[in-house]
Amino acid sequence: MNLEFSEDQKFVQQTARDYLSEHASLEVCRAVLESDRPYDPELWKGVAEMGWLGAAVPEEYGGAGLGYLELVLIAQEIGRALAPIPFSSSVYLATEAILRFGSDAQKKAHLPRLASGELVGTFAMAEGGGDLDGGDCATTFSGGKLSGTKIPVIDGDVAGLAVVLAKDGAGQSLVLVDLESAGVTRTALTSIDPSRSQARIEFDGAAGEVLGTAGEGAAAATALLDRAAVMMGFEQVGGAEHALEITREFTMGRYAFGRPVASFQALKHRMADVYAKNQIALSHGYYAAWALSNDNEELPAAACGVRVAASDAFRLAAEEMVQFHGGVGFTWEYDCHLFYRRAQLTSLALGSPSEWREKLIQRLEQAA
Amino acid sequence: MDFDDTPQEAEFRARCRAFLEQHLEPLDPDETSPNMLGEREDDAAIQRAKDWQATKFDNGWAVLTWPKEYGGQGMGRMEAVIWGQEEAKFKTPPAIYGIGHGMLGPTLMTHGSDEQKAQYVKEMARGQEVWCQLFSEPAAGSDLAGLRTTAVRDGDEWVLNGQKIWSTGAHYCDWGMIVTRTDPNAAKHAGLTYFIVDMRSPGIEVRPIQQINGASGFNEVFFSDVRVPEGNRLGAEGNGWQVAITTLMNERVAIGAGGGGGRLKDLLTLARESRRGGRPAIEDASVRQQIADFWITSKGLQYVGYRTLSALSRGGTPGPEGAIGKAVGAPLGQQLAAFAIELQGAMGALNQDDLVPMEAMWQDAYLGSPGLRIAGGTDEILKNIIAERVLGLPPEMRVDKDKPFRDVPTGPPSKS
Ligand SMILES: Cc1cc2nc3c(=O)[nH]c(=O)nc-3n(C[C@H](O)[C@H](O)[C@H](O)COP(=O)(O)OP(=O)(O)OC[C@H]3O[C@@H](n4cnc5c(N)ncnc54)[C@H](O)[C@@H]3O)c2cc1C
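The listed protein sequences correspond, in order, to chains A and B. Counting from 1, one number per residue, gives the positions in the first sequence under the working numbering. Counting from 369, one number per residue, gives the positions in the second sequence under the working numbering.
One or more of the hints may lead you astray.
[Unchecked claim] Derived list of chain A stretches under chain B, where covered just means 3 residues or more per stretch with a C-beta under 8 Å from a C-beta of chain B:
hint : stretch
1    : 115–121
2    : 157–171
3    : 218–225
[What the hints assert, rightly or not] Taking beta-carbon pairs under 7 Å as the criterion, some of the chain B residues facing chain A (in silico):
hint : residue
4    : Met369
5    : Phe371
6    : Asp522
7    : Gln657
8    : Ile664
9    : Lys667
10   : Gly668
11   : Tyr674
12   : Ser678
13   : Val696
14   : Pro699
15   : Lys751
16   : Ile754
17   : Leu761
[Stated by the list, open to error] Listed next, with one range per pair, are the computed distances between beta-carbon atoms:
hint : chain 1 : residue 1 : chain 2 : residue 2 : range
18   : A       : Asp36     : B       : Gly646    : 52 to 62 Å
19   : B       : Pro777    : A       : Ser354    : 31 to 41 Å
20   : B       : Arg643    : A       : Glu298    : 29 to 39 Å
21   : B       : Glu651    : A       : Glu27     : 23 to 33 Å
22   : A       : Lys108    : B       : Pro375    : 35 to 45 Å
23   : A       : Met252    : B       : Pro375    : 44 to 54 Å
Don't read these hints as lab results, they were simulated from the structure. Just so it is clear, CB atoms sit at the ideal spot from N, CA and C, and this is done for glycine as well.
Let's have the full structure, built from the sequences with the hints guiding it.
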């Protein structure tokens, strides 16, 4: 057993930390949140130039040829910075789906452009509320044409390419669609976290092609969500750690009753709780990243573990952050709400934590 | 990044198993995990524990991390954990060496003189004599440095008077390690001295205390003019706090490693066998959600522990982060037991082995679980440690720190 990241992997993380602290301060996130812009194209370009969008993509398809152990550490830094870019949609979902299920021709056609950032991808699965995985799917794919409505689709307004789950004959298939093609109508929606955009996408006979095996899309989507959950988990832990650091700094400097508010035991103990939850989530992340990087049979249960632990940790860290700031924590001006919003968005993005708890029990039952 | 055994670790694991299979009966994999803080004080059980320890010692499987000269094998923590994982798959006698081997032995090796080490450490490893920790007092638990048992020098001996309490195993132990106050005029932490004490010394009286769960694992120990030779002082006079800190640091490592995986399997089984809403309880969504949360916290603690272990085996030193395992794990154990009892409905209120599911093990677990939240640092003290030493938040206010100890007020617990 060796639970250390290698020196090279740590170097990748440090490089990401350095780059993002220079180019993606919280002001960059706030600027997107406060504007009509759906994301920050400058930062997107920079991140692409750093090679992070294709971190796990083999070099023959235009990627950096690193692995998931590098990618998760980059994700942790993206999360720490609350980077206002379509990183998760394009990298953990669209790129990952094509890498995992695409034909050689599909990989050649899309991966180089996804890795270079020229093309943004996303994954369109939800059709309203309810369960994401195994929920309603009325969108159909027939005769090469896609019809139906997906809502909400994170980054659906900015992506050029979508992987769409649709009914296909008796089963379901993953379908690749050019979002700029005829028969696609996109409407931007108001996001709980406006630094990350969301959209409704209506397909009316849009041209598409099957990704992976026709009729086996449901299982493929489930597997894709497992993989994305690991990377998203690191992103969430990054956000949670940063929230705790800011909270610590603030409470050390804020005085009440003649002492720093950080000296009150109620706050100390709750910051200890936040720390413990972050460590638990990060440790699940280690296990899941290891399972992901070597396609271990533990991945399905491990993905549930990191998904729930990291969602809970980030939400708690952000909620306590607002609370421990007092009145200023509730203002638009302070940054607490950036974390508060992002924590909620990321915890719902791949299906809610309660959905993943249910999945975990199903998987444990199957294993027994 | 690799959670699997290295080839060397796998080979070592196989050697552990081979030895264990020769000497012990394996546990049935579906058998419920044994209880903590249960009955373990009868003489026959203690003797079985000593016999098993002697077998391990004679065959080179005792105290693996200790140096060879002290009866150990000079191995790393990783090997010790692998051994522990394998040993846990067999029917073993009660664990009576946690305090001695986990905490007191390392303290002796750090602070003992050459004569003390030669006299005690190897014997401690062989385990035919058992050691206890005499730290807590009626008025000094979390605030250990507030202890009041005195030691006064008399020629080349020390004379001890006072009372210790909650001393686990003192009723079957041969030796104890004790912190005493030798200078009441010094400030609280400065006036303490640490000793090795022969539990058979005249003037020592051990009275077992009954716990919530009916067992009597711990004791009150009274000292009336107990004479301890100067050669049994561990560390310098007035330096007892530093020595005690070594013991407490090792306590955290010993208790820290979380787990509870076995318990979760039992909980799933119980949920399949219990009924709710006319169906197996495992089909109830709220039951499923709760068990998933328990699983996630428990597995998470296990991985936190593995990360610490991995860092330690690469030469790191145990840090205060280790407090997470106990701060989260101990309350988790109580919550799990409470939930399991609730699954049993009205029968959950019984505590009769032949009537209650799983031979009432959850009732026993529930009654035993509060002890783990208190022993070895309470939940609250552990959170202080995380807050202050990991996060660097301000320390608790201390009104007594710089006063001479004789001026520090006290309020021993009393039953109203
Ligand atoms: C099963 C068991 C086995 C034990 N075995 C041994 C043994 O072998 N040897 C030995 O020496 N001792 C032993 N102990 C004693 C144990 O170390 C003490 O009980 C423990 O440290 C708490 O001390 P106390 O009982 O005096 O409670 P107190 O310290 O009086 O605590 C009372 C309450 O106040 C809280 N509290 C105290 N200080 C603070 C603070 N600064 N901030 C917030 N809350 C605070 C505590 O968390 C607790 O909730 C054992 C205890 C148990 C339960």
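We went through each hint and held it up to the structure:
1. 115–121: violated (count 0)
2. 157–171: violated (count 0)
3. 218–225: Not satisfied, violated; 0 residues make the cut.
4. Met369: For Met369 of chain B, the interface hint holds, since the closest Cβ of chain A sits about 5 Å away, which is under 7 Å.
5. Phe371: holds, 5 Å
6. Asp522: Status violated, d = 43 Å.
7. Gln657: Holds - the Cβ of Gln657 of chain B comes within 7 Å of chain A, reaching about 5 Å at its closest.
8. Ile664: holds, 5 Å
9. Lys667: Interface hint status for Lys667 of chain B: holds (6 Å vs cutoff 7 Å).
10. Gly668: Constraint on Gly668 of chain B satisfied, holds at 3 Å.
11. Tyr674: holds, 6 Å
12. Ser678: holds, 4 Å
13. Val696: holds, 5 Å
14. Pro699: violated, 11 Å
15. Lys751: Interface hint status for Lys751 of chain B: holds (4 Å vs cutoff 7 Å).
16. Ile754: Holds: closest Cβ of chain A sits about 4 Å from Ile754 of chain B, inside 7 Å.
17. Leu761: Holds. Min distance 5 Å.
18. A:Asp36 / B:Gly646: 52 to 62 Å: holds, 55 Å
19. B:Pro777 / A:Ser354: 31 to 41 Å: violated, 51 Å
20. B:Arg643 / A:Glu298: 29 to 39 Å: Cβ of Arg643 of chain B to Cβ of Glu298 of chain A: about 32 Å, so the range 29 to 39 Å holds.
21. B:Glu651 / A:Glu27: 23 to 33 Å: Hint violated: Cβ distance 50 Å, outside 23 to 33 Å.
22. A:Lys108 / B:Pro375: 35 to 45 Å: Holds, since Lys108 of chain A and Pro375 of chain B (Cβ atoms, about 39 Å apart) stay within the stated range.
23. A:Met252 / B:Pro375: 44 to 54 Å: holds, 48 Å
The structure fails to meet hints 1, 2, 3, 6, 14, 19 and 21 from the earlier list, while all remaining hints are met.
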